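Asks: Here's the letter readout for the chains.
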Amino acid sequence: MNLTLKIWRQKSADHKGQLVDYIIEEVSPDMSFLEMLDVLNDQLISKDEEPIAFDHDCREGICGMCSLYINGEAHGPDRGITTCQLHMRKFKDGDTIYIEPFRAKAFPIIKDLIVDRSAFERIQHAGGFISVNTSGNTQDANAIPISKDAADEAMDAATCIGCGACVASCKNSSAMLFVGAKVSQYALLPQGQIEATDRVLNMVKQMDEEGFGNCTNTGACEVECPKGISLENIARMNSEYLKASLKG
Amino acid sequence: MSGIFSSSIGRKFAMALSAFFLMFFLLQHFAINVTSVFSADAFNEISHFMGTNPLIQYVLQPILIFAVVFHFVMGFILEIKNRKARDHNYAKNAGHANSTWMSRNMFWSGMVILAFLGLHFYDFWFPEINTKFIEGDWSGMHDGEFRYFHELQEKFLSPVRVSLYVLAFVLLAMHLLHGFSSAFQSVGANNKYTEGLKLFGRLYAILIPLGFVVIAVYHHFNHIH
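Going line by line, the protein sequences match chains A and B. Be aware that the first sequence starts at 0, since it is given in numbering that gives the first Met the number 0, and climbs by one per residue. Be aware that the second sequence starts at 0, since it is given in numbering that gives the first Met the number 0, and climbs by one per residue.
Incorrect hints may have been included.
Rough simulated footprint, nothing fancy, chain A against chain B, three-plus residues with beta-carbon under 8 Å [unchecked claim]: (1) 78-84; (2) 95-107; (3) 180-187.
No wet-lab data here; the hints were simulated from the structure. Remember, predicted model here, so these are calculated numbers, not experimental data. For glycine and all other residues, C-beta sits at the position ideal for the given N, C-alpha and C.
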């Protein structure tokens, strides 16, 4: 198939960017979206042009590195996948495809389609951990009784790969689905109780300081999340935060 | 506790609390208005009680005014903060693919409701405040009988005003269709009762504004004939 790509090009954070048109021909429907961009980059390099910078790593939908806002949706038009799992069969011959970086003030553009998502790392550092005794007397986690429901919900929350699709899709650039998942992951388990109060207060404080917007419960994040993280995690974070605030 | 209302979640919580109060107020406003369709006397009696009871006038009315102002001001603050969180918009954004129009346009439906409140206050609240607090007339009487039902019918003579009221109630329904369940989510209530609450919220969001529309249209045609 032959496609017209409108791709955001920006030399660096300090430069002004713009959409640039590229024509790509004979694209196989079996290619992944990133493979299609690889082919385009090969063509650009052979013409001595600057290749398009985009993030990727595992290409198995696990690492959360690939981003891209494709035709108005994070990770493109399919559901429950990352961009590396998106295939060209989802598009038609003659289509025009818009490819933009994830946009949020808290995710500044580094170059072209690559954005700096280290705000998520700083939120994790603020409380996304548990204290474990490593003196040699560490209790086997499997020896701690946990209800099946709590274990399942904690596991679901833990599948968040921190890709930032929630922020990119939210009209308010809110990070509450990500932070909600990280808070829930520990709030549901006995190991997470010791730091529960400080965790939610510190992670929300860091989230606010990073400049993410306020959640207005549109649910766009849940729909676009490649791992299907539920809005229930935001509600759980809200109640955990209110409880923690009352405790001080 | 001190920093809660300066945090993003605290603001959501405060927004939801004011929304709960306003939704409860809307329900009691509807319950009173609906009596006007069945009995002018009952409507007059209840209106007079509401308009002259010291607890309602000096305690609940100021709380209501505070809740209304707070909900709008906080709505503005959140909208400004949220717009600042994205300094460059997408060239192509498919919001319709992942969220409802109502959820994405709460600010604009809120603006229509704010404009409607201006009209509604001009029609009913300002004259009421003027009569009681400026002119000092707490009798509720005009030409020897209660004035409330006549004032209501007089206002709904105008087809333009009735049309504006109907338009505002359609936008109110849309605002509530998202706002009802959103308020519960904001206070952290997302559990086994959520689906039931959503259904109740949808019924509330459609039936209450529809009821107000029926009352306005009823008085428009009832007066003419």
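Asks: Taking the hints in turn, state whether each one holds.
Replies: Each hint tested on the structure:
1. 78-84: That given contact holds, which follows from 4 residues of the region 78-84 of chain B lying within Cβ reach (below 8 Å) of chain A.
2. 95-107: holds (count 7)
3. 180-187: holds (count 6)
Violated hints: none; the structure is consistent with every hint.
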